[in-house]
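S.K.: Sequence:
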Amino acid sequence: MGIGSSLFLIAVGAILYFAVDADISGLEISTVGIILMIIGIIGLVITLFFLGGWRDRRRTVVEERPVARGREYY
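Quick note on UniProt numbering: the sequence shown kicks off at 1 and runs consecutively.
None of these hints come from the bench; they were simulated from the model. A hint or two may mislead.
Unchecked claim - Label pairs and their in silico Cβ distance ranges:
1. E28 / M1: 22 to 30 Å
2. F49 / A11: 15 to 23 Å
3. G2 / V32: 17 to 25 Å
4. V62 / V32: 49 to 57 Å
All values reported here derive from a predicted model rather than from experimental measurement. From the three backbone atoms N, C-alpha and C, an ideal C-beta is built for every residue, glycine too.
Between the sequences and the hints, there should be enough to build the whole structure, so can you do that?
M.R.: Below, the structure written as structure tokens:
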């Protein structure tokens with residue numbers, strides 16, 4: 001799950017929880033909204049954890065050495 005899909009789940013869950021006021025028999029829309037927000041937050045935390053871990057491991061140190069040539073330029 002990426003950052004975009006996590007933010008999408010959080011947004012849809014917030015809309016269902018705060019804005020929708022419909023009644024469906026056997027289904028609480030506010031509960032579905034809370035579940036979607038929790039899943040989105042967990043996915044966002046996991047995604048940021050893995051992105052932060054990979055970024056630190058891929059650092060490479062480039063050492064520049066001076067190049068000396070044995071001939072003169074005219």
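S.K.: Can you give the numbers of the hints that this structure goes against, from lowest to highest?
M.R.: none
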